[in-house]
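Visitor: Chain by chain, the residues run as shown.
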Amino acid sequence: GAGVSQSPSNKVTEKGKDVELRCDPISGHTALYWYRQRLGQGLEFLIYFQGNSAPDKSGLPSDRFSAERTGESVSTLTIQRTQQEDSAVYLCASSRTTGAQETQYFGPGTRLLVL
Amino acid sequence: AQSVTQPDIHITVSEGASLELRCNYSYGATPYLFWYVQSPGQGLQLLLKYFSGDTLVQGIKGFEAEFKRSQSSFNLRKPSVHWSDAAEYFCAVGAGTGGFKTIFGAGTRLFVKA
Chain G
3 GAGVSQSPSN KVTEKGKDVE LRCDPISGHT ALYWYRQRLG QGLEFLIYFQ
53 GNSAPDKSGL PSDRFSAERT GESVSTLTIQ RTQQEDSAVY LCASSRTTGA
103 QETQYFGPGT RLLVL
Chain E
143 AQSVTQPDIH ITVSEGASLE LRCNYSYGAT PYLFWYVQSP GQGLQLLLKY
193 FSGDTLVQGI KGFEAEFKRS QSSFNLRKPS VHWSDAAEYF CAVGAGTGGF
243 KTIFGAGTRL FVKA
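In order, the protein sequences belong to chains G and E. If you use this note's numbering, the first sequence corresponds to residues 3 to 117, in order. If you use this note's numbering, the second sequence corresponds to residues 143 to 256, in order.
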């Protein structure tokens with residue numbers, strides 16, 4: 003079946019604008035994760051959804067960042083009033099279920115550039 | 143707090159030579175350990191993972207990793223590197239119960255020379 007898809011693949015925006023990034027997980031995967039990868043750095047956990055449970059938002063860097071997920075399907079990550087330091091690749095991953103042993107399947111990412 | 147350290151930012155090896163990428167973790171309990179590879183323009187792909195049992199884990203593409211509890215290490219190895227192995231490699235530790243987060247290292251970029 004199809005893997006994790008993300009859109010757009012690239013986004014250039016001006017400082018202060020809002021952006022919305024989309025993630026389509028693998029069908030049937032109940033867990034979904036968002037990460038941020040700054041240039042030359044590792045992945046930084048942002049938020050985690052598991053089924054209908056309350057999401058784990060502990061990685062969101064500020065209140066300008068928010069994410070939603072409808073059921074076990076699409077998720078959107080919204081960054082309000084973007085800043086230049088928000089420039090990064092935003093990666094989405096899904097896994098069959100929760101649990102530290104579960105394999106996460108990653109999408110290709112959205113490359114965000116804030117001018 | 144959980145953490146993962148990959149001490150080598152980049153490594154260059156000749157094609158056909160052996161490879162070892164280092165990874166050290168900090169975690170209070172028995173960790174779940176992963177190695178991912180990120181090829182240019184592509185998403186991360188799981189190479190292998192360790193949960194329990196045999197401390198030598200075999201993965202895809204001819205990679206293996208060995209868990210050494212005494213050294214808090216999970217180094218990735220390959221006996222003979224191919225040019226197509228040039229990529230960025232991330233070590234990660236899965237931790238926690240209930241809400242789950244994977245902690246990633248900063249990555250090691252592998253260059254392969256002919």
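Hints may be right or wrong, so weigh each one.
Dumping the calculated DMTMM-like pairs for lysine to aspartate or glutamate here, alpha-carbon to alpha-carbon at most 25 Å [stated by the list, open to error]:
| # | chain 1 | residue 1 | chain 2 | residue 2 |
| --- | --- | --- | --- | --- |
| 1 | E | Lys243 | G | Asp65 |
| 2 | E | Lys243 | E | Glu208 |
| 3 | G | Lys13 | G | Glu104 |
| 4 | E | Lys243 | G | Glu16 |
| 5 | E | Lys255 | E | Glu230 |
| 6 | G | Lys17 | G | Asp65 |
| 7 | E | Lys243 | G | Asp26 |
| 8 | E | Lys191 | G | Asp58 |
| 9 | E | Lys243 | G | Glu74 |
| 10 | E | Lys210 | G | Glu104 |
| 11 | E | Lys191 | G | Glu87 |
| 12 | G | Lys17 | G | Glu74 |
| 13 | E | Lys203 | G | Glu104 |
| 14 | E | Lys243 | G | Glu104 |
| 15 | E | Lys243 | G | Asp58 |
| 16 | G | Lys13 | E | Glu230 |
Read the hints as simulated data drawn from the structure, not as lab findings.
Visitor: Looking back at the hints listed earlier, which ones does the structure fail to meet?
Guide: Hints 3, 4, 11 and 12 contradicted; others consistent.
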